[in-house]
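Using the sequences and the hints, build the whole thing.
Taken in order, these protein sequences are the chains called L and V.
Here the first sequence stands for residues 1 to 306, where the numbers follow our numbering.
Here the second sequence stands for residues 307 to 499, where the numbers follow our numbering.
It is possible that some hints are incorrect.
[To be verified] List of simulated lysine to aspartate or glutamate pairs, EDC-like, C-alpha gap at most 16 Å:
| no. | chain 1 | residue 1 | chain 2 | residue 2 |
| --- | --- | --- | --- | --- |
| 1 | V | Lys402 | V | Asp468 |
| 2 | V | Lys475 | L | Asp87 |
| 3 | L | Lys107 | L | Asp95 |
| 4 | V | Lys402 | L | Asp87 |
| 5 | L | Lys224 | L | Asp282 |
| 6 | V | Lys330 | V | Asp353 |
| 7 | L | Lys189 | L | Glu252 |
| 8 | L | Lys160 | L | Asp282 |
| 9 | V | Lys402 | V | Glu385 |
| 10 | V | Lys334 | V | Asp351 |
| 11 | L | Lys160 | V | Glu385 |
| 12 | L | Lys189 | L | Asp253 |
| 13 | V | Lys475 | L | Asp89 |
| 14 | V | Lys330 | V | Asp351 |
| 15 | V | Lys402 | L | Glu80 |
| 16 | V | Lys402 | L | Asp89 |
Please keep in mind that the hints were generated in silico from the structure rather than gathered at the bench.
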Amino acid sequence: MAAVDDLQFEEFGDAATSPAANPGATTIHIEGPSESPTHQPGLPRGSGGEEDDELLGNDDSDKTELLAGQKKSSPFWTFEYYQTFFDVDTYQVFDRIKGSLLPIPGKNFVRLYIRSNPDLYGPFWICATLVFAIAISGNLSNFLIHLGEKTYHYVPEFRKVSIAATIIYAYAWLVPLALWGFLMWRNSKVMNIVSYSFLEIVCVYGYSLFIYIPTAVLWVIPQKAVRWILVMIALGISGSVLAMTFWPAVREDNRRIALATIVTIVLLHTLLSVGCLAYFFDAPEMDHHLPATTAAPNQTAAAAKN
Amino acid sequence: MAKAAESSGDPGTTTPRPLMRDLKAVGKKFMHVLYPRKSNTLLRDWDLWGPLILCVTLALMLQRSSVDSEKDGGPQFAEVFVIVWFGAVTITLNSKLLGGNISFFQSLCVLGYCILPLTVAMLVCRLVLLAEPGPVNFMVRLFVVIVMFAWSIVASTAFLADSQPPNRKALAIYPVFLFYFVISWMILTFTPQ
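Next comes the structure, spelled out in structure tokens:
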């Protein structure tokens, strides 16, 4: 009878069944009442199948999927439940950050780096760092801009920390919530191959905000052109990470809805970065090197103001 | 010997716990922070009096003498308090969620006591600010704050690092770095009227 005890088969989570049976196929999360039996995991779907093969990464991806599926789920009022969201090692966090900085076309951030182990460590601490980076850097840049002026009295502007915290944490939680709700709703209407859990979306958004930390630090430079170039670069990188992550989730849908979703995601991201730049950083338009010569009344007025 | 007799808990006596003993315990922990060695004293006999004293001192010193301190934009007393305690609780929760085996209050105790170097920096900055303002003044303050910031980090790492799983040490230490960095920033940007 000891032999029977040895044959304990463990329950695998949903993420592991498909790759275990068929390593070359994509992982399909079938949710909602519309279970269509024509969708078989074994059939490669032309270009979609090859692309998703690539997304699964290297050889031990199915092993990792198997291991990920064995996560125990404790009830939500225990401490262990929340510990499952912090089950990452240092190198994993670094890998995820690296993945958010280098968006490679065709590589899906969620599939490649998160792999059914979404963590809350990254999003939370990246947002915390970003809050302080923006507040401190904004304060420093205002100080440097107004440095020569006699009427300027330096204030630490501590209020802005709370405002920055509210904005950034609201963005990092509410936008994923809205997006997840929207994707769930579309899922019930149109069969999508790829669907993400709420935590995975929070994870992607959190890590995609990492690029803004060095951007915020570099925004100290009081040149408008430099700041806008930085905005473009940061938006390009994090926007493309988000777009490439969510495109597979909506591409089955109506063309216009899919495009509208991606455009909205990028637009909200733009709004966040431009809004932060405008609110926390004064415009460096005070030109201290005004020519002392004659002429225009507005020049003399500006000189008098200084 | 007298202290041992007092602490043996003889139910017949009505001797109150001596204030001196508690003060000495707090003082001993201050010494441990100033000369950090790997010792378990801070962890074993935790108390929150030291952190409370340090936090109140720091918050009081960060206040300005002006009547209308709202306009100054500096942190209010309550804000400093909230940042220190909320920050310490968050770091503790983070370290426990990552799998650290330190208790909640032990971690609060260590983080609170390791604010001591920064409180000393605040004292020094206030003294330096009594002198002539200018770039030299700022450089001196910057140097003092940086040194004390490094001291706080080293002290808290010496106590906390062992309680983390080895492959997550950096993940647990980074929030400590952020915490002391924010406090250092508040100290450095303090400008009196």
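Hint check results:
1. Distance restraint check for lysine 402 (chain V) and aspartate 468 (chain V): the Cα-Cα separation of roughly 13 Å lies within the 16 Å cut-off, and the hinted pair is therefore satisfied.
2. Only pairs whose Cα atoms come within 16 Å are accepted, and lysine 475 (chain V) paired with aspartate 87 (chain L) is accepted, the gap being roughly 13 Å.
3. For a cut-off of 16 Å, the pair hint linking lysine 107 (chain L) to aspartate 95 (chain L) stands: about 14 Å separates their Cα positions.
4. Between lysine 402 (chain V) and aspartate 87 (chain L), the direct Cα distance comes to roughly 11 Å. Compliance with the 16 Å bound is thereby established for this hinted pair.
5. For the hint pairing lysine 224 (chain L) with aspartate 282 (chain L), the CA-to-CA distance comes to about 10 Å; that is within 16 Å, so the pair holds.
6. Between the alpha carbons of lysine 330 (chain V) and aspartate 353 (chain V) the distance comes to roughly 12 Å, so the proposed pair stays at or under 16 Å and holds.
7. This hinted pair checks out: lysine 189 (chain L) and glutamate 252 (chain L) have alpha carbons roughly 11 Å apart, not beyond 16 Å.
8. In summary, the hint linking lysine 160 (chain L) to aspartate 282 (chain L) is supported, as the alpha carbons are separated by about 13 Å, within the 16 Å threshold.
9. Proximity of lysine 402 (chain V) to glutamate 385 (chain V) is assessed by CA-CA distance (about 25 Å); at most 16 Å being required, the pair is judged violated.
10. Proximity of lysine 334 (chain V) to aspartate 351 (chain V) is assessed by CA-CA distance (about 11 Å); at most 16 Å being required, the pair is judged to hold.
11. The suggested pairing of lysine 160 (chain L) with glutamate 385 (chain V) holds, with an alpha-carbon distance near 12 Å, which does not exceed 16 Å.
12. Straight-line distance between C-alpha atoms of lysine 189 (chain L) and aspartate 253 (chain L) comes to about 9 Å, which keeps the hinted pair within the 16 Å bound.
13. Under the criterion of a C-alpha separation no larger than 16 Å, the hint pairing lysine 475 (chain V) with aspartate 89 (chain L) is consistent with the structure, at around 9 Å.
14. Taking the CA atoms of lysine 330 (chain V) and aspartate 351 (chain V), the gap is near 13 Å; set against the 16 Å cutoff, the hint holds.
15. In summary, the hint linking lysine 402 (chain V) to glutamate 80 (chain L) is supported, as the alpha carbons are separated by about 10 Å, within the 16 Å threshold.
16. For the proposed pair lysine 402 (chain V) and aspartate 89 (chain L), the alpha carbon gap of about 14 Å is at most 16 Å, so the pair holds.
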